[in-house]
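Engineer: Starting from the given sequences, assemble the full structure and let the hints guide the process.
There are 2 protein chains.
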Amino acid sequence: MSLLAVGTIAYDDIETPYASRQHVFGGSAMYFSVAASFFGPVSLVGVVGEDVREADLAFLRTRGIDTAGVEIQPGKTFRWGGRYATDWNTRTTLFTELNVLEHFAPKLTAAQRTARFLFLANAKPRVQHAALDQVERPEFVMADTMNLWIDIDRPDLLRLLRRIDAVVLNEEEARQLTGEKNLLKAAAAVLGLGPRFVILKKGEHGAFLIGNDVHFSIPAYPVDEVLDPTGAGDCFAGGFMGYLAAEGRASPATLRKAMLMGTCTASYCVEGFGVEALARLDRDSIPERYDQLLSIVTV
Amino acid sequence: MSLLAVGTIAYDDIETPYASRQHVFGGSAMYFSVAASFFGPVSLVGVVGEDVREADLAFLRTRGIDTAGVEIQPGKTFRWGGRYATDWNTRTTLFTELNVLEHFAPKLTAAQRTARFLFLANAKPRVQHAALDQVERPEFVMADTMNLWIDIDRPDLLRLLRRIDAVVLNEEEARQLTGEKNLLKAAAAVLGLGPRFVILKKGEHGAFLIGNDVHFSIPAYPVDEVLDPTGAGDCFAGGFMGYLAAEGRASPATLRKAMLMGTCTASYCVEGFGVEALARLDRDSIPERYDQLLSIVTV
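Protein chains in written order, with the numbering used here: chain A, 2 to 300; chain B, 2 to 300.
Since the hints were derived computationally from the structure, they do not count as laboratory data. Certain hints may be false.
Since the list can't tell identical chains apart, any single copy or any two copies may satisfy a pair.
Unchecked claim - Here are the simulated BS3-like pairs of lysine-lysine, each with C-alpha atoms no more than 27 Å apart in a straight line:
#: 1; residue 1: Lys-182; residue 2: Lys-125
#: 2; residue 1: Lys-258; residue 2: Lys-108
#: 3; residue 1: Lys-258; residue 2: Lys-203
#: 4; residue 1: Lys-203; residue 2: Lys-186
#: 5; residue 1: Lys-258; residue 2: Lys-77
#: 6; residue 1: Lys-125; residue 2: Lys-258
Structural biologist: Below, the structure is given as structure tokens:
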């Protein structure tokens, strides 16, 4: 077992300035897994309701994603609805229905407990702790979070930050977590809370990574037309950790390349609703865009 | 004569969320010249009023800037007042007093007419044309502009774009000029208007350059504390063209390095009011920050 993702699987209703779609297969751990699957095997732990479409689970399996850890529980799958403003930077949550997610308690199989690379997708910190508790000797653990948990579950989140190697945050979350407006100072303050690496996602403006011995910044891949930004951050994390897991180590050199891989997978994600743009790609697509991005950022 | 800058010299009143300063030596061509002076000699053409402080002109000369083309006219120097919002991204113009700038007609000396690298700082397009008309065989001409000229002098500006090698624009200007929201598409549309290269400045989010055979993107240098963003764009242009002029050519390789040099000079600029942070630097400061930036962006 190399790479394990734990987190939400969802059906989303998405409104963009140009189109609306209902019941789009989504969820942070689902997006992550599909993105990571371009680099090697992934195991996914999450919960869905009885309304889950078999075709969606079958799609994950065709991507080489191990779905043995996807529980099907009585009730409905977690649902989220959101609307994007015309600038894509403002997202309004229209509704959240926790459904089966409300009582989600991740249960890892024996194989999953040996995972070396672990991604704790955005979830209640208590759930993230519960997953982490079950992994025997992870080499690299990365977690995501959101404004809600920073607000209402800060002690659990701070305790989590001391247990993980890397945290991935967007600008707003970094500022909210630290009270620091300057992004670099905010990221440095997060480093002080425990993790060895902090990745700051800036959407269309790229991302940067800081750690004690690494500081790397990258612009976003220039996408001609954004159709749906949902899941882009999780696809970034999926490309990032998928590459690290395939390389088998998080060195300064692999971390830098992983930032490009994350950028490329995220850029494909936003070119379609849900994971449909990623689903259309073959495995050569990521290396092709990686080479393009490399040429754009190489001095 | 290698590098020539034509444009405004000003006294600015600046209000930031943290401090206010009055009568700060400024102006687009002045900022450009100070930034470019780190790389080699610069000649400056502009106009000031009788109120100009001799110490300010003396400062330019200590930087190796040729001020023979700075006319002193009866009346007052151009004045501008602006206020920055707490996010630094919103700037409100509080007042503009054209004063001697109103009748500015650039007159180049014989030596200045032989300039190989020419920067037409933001000015009325008619003034930019008049300067360009006087340079005999420029190798590389770059121009800046602003929303006002895009709005009221579009025909003259479009004619200018067909006469120059590169144009430097911010996001808002690129969108206004082309009607295209997507920045990469907007930059490509500007390329279609004539120049060989388009540089898009995104402030704290960096900049990118596109041309027929080059596409390069760079994040901003991460500055700990911004004191005053005034002139940052002109300092970017100054570092960019100062480096090109010193290298003597605008090849894909020198253009990429020039983008880093521009980023570094702009990053120093915002660390003080007016050019005071740049004035404190010695010549080693730019190469030092260049090396830091290179390490941050190198994959």
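Engineer: In ascending order, which of the hints set out earlier in this document are inconsistent with the structure?
Structural biologist: 2, 5, 6
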